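Peer 1: If you want the building blocks of each chain, they are given just below.
There are 2 protein chains.
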Amino acid sequence: MHDARHMNTPQSNVPAAARAAAEAAAEEFIEGMGLTAEADGLPRIAGRMWGLFVIEGGPCSFTELAERLQVSRGSISTNARLLRDFGILERVSRPGDRQDYYRLAENPYGALLHGYADRMRAKQRNAERAISALPLQHMPGVRQRLESMQQFHQSAVEATEALIAKLRDPAHPHQQDDQ
Amino acid sequence: MHDARHMNTPQSNVPAAARAAAEAAAEEFIEGMGLTAEADGLPRIAGRMWGLFVIEGGPCSFTELAERLQVSRGSISTNARLLRDFGILERVSRPGDRQDYYRLAENPYGALLHGYADRMRAKQRNAERAISALPLQHMPGVRQRLESMQQFHQSAVEATEALIAKLRDPAHPHQQDDQ
DNA sequence: CATATCGTTCAGTCAATACTGAACATACTG
DNA sequence: CAGTATGTTCAGTATTGACTGAACGATATG
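Keeping their order, the protein sequence lines are chains A and B. Per numbering that gives the first Met the number 0, the very first residue in the first sequence carries number 0; after that it's consecutive. Per numbering that gives the first Met the number 0, the very first residue in the second sequence carries number 0; after that it's consecutive.
Just so you know, these hints were derived from the structure itself, not from any lab. Please note that the accuracy of each hint is not assured.
One copy or any two copies: either way a pair holds, since identical chains are not told apart in the list.
[Stated by the list, open to error] Simulated pairs of lysine to any residue, SDA-like, Cα-Cα distance not exceeding 20 Å:
# : residue 1 : residue 2
1 : LYS165    : LEU133
2 : LYS165    : GLN143
3 : LYS165    : SER154
4 : LYS165    : ALA65
All of these numbers come straight from a predicted model, not from anything done at the bench.
Please model the complete structure; the sequences and the hints are all you need to start from.
Peer 2: This is the structure we're talking about:
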């Protein structure tokens, strides 16, 4: 990984070695995104794509993504749709250009939290349904466990919604100024 | 399945139909647990087992579980270990009994939250590493995106830890970070 | 219209995972 | 010690899911 110091461009402040190191760091970050995404049950490629957008930011064309990540266009299509459904990516169109471009959504983490809250709500409703359908007066232990399950998911939903609100309002507006 | 029911109170009669309805509701709840667990990347059987413990509660023997859930002992063994690793179940032993018994952990949701916080921390560290490894002074957009990613996961970890604390001590209110 | 390019879809391939059933090791009991 | 019951492990099987590459429809441009 260590380039010799000959052959660097004299006019540039950033030598080739530093740029190579930066690229390696970016690659490492992207790969890490792939791994953590996989740990969350997402396809690894989706995680890498996400990471690529955190680095590149700007609208990326489909072909660009396929080349950069070394995967087929089909994979790009599928995973881009997946990330779009999650609310992480969004489509942008350019006038006079037929290509699809994608970029990070303006608030990808808020979208993620919405999905998380939804799954929590599903579990909470499941507990709720059981609470109202079972004759709990005859089974205090069951009532206690079901209610504690219901209350936990309730709290989780509330905490998630608080986090969503915090993300939306505070002194950190998302402005996407790209290089 | 056929438990000895108390038939000493003929007036507070619980008809067979009601009992059947309750069993159906329990089954539905358990199946719901299987589905939501699957949505979270867990094996469906693990979710059903979890649901069964929410209903049954008390220490269940291995054989009991295998019969109740209609799966092989091997599956029970594997999935019980999985849930134990997650901190959802715990082993209990009875004096003079060689069988393994399992029951819900005293705080299964707190254990879950710990795992969640760990995964969040992994992502936060990934962002942090990228932040310190990349020459961000030349790429303000990248810095902004990496920092917002890092801060989100930081906030998520904090919210999760607050929820853990709230679970442990429900009397105290949930306090958000106020740095 | 003809051509090229782009995004999607789908059959096919491959890998990972869940589950089973049997073999095995261990511990209790008579 | 023999017999029995229990938990784990492991090879085998089935299922699910990811990814590819080609085919297809659609859209822009010459």
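Peer 1: Run every hint past the structure and note whether it holds.
Peer 2: To see whether the hints hold, each was checked on the structure:
no.	hint	verdict
1	LYS165 to LEU133	neither (38 Å within a copy, 28 Å between copies)
2	LYS165 to GLN143	between (32 Å within a copy, 18 Å between copies)
3	LYS165 to SER154	both (16 Å within a copy, 9 Å between copies)
4	LYS165 to ALA65	neither (35 Å within a copy, 46 Å between copies)
The structure shown violates the earlier hints numbered 1 and 4.
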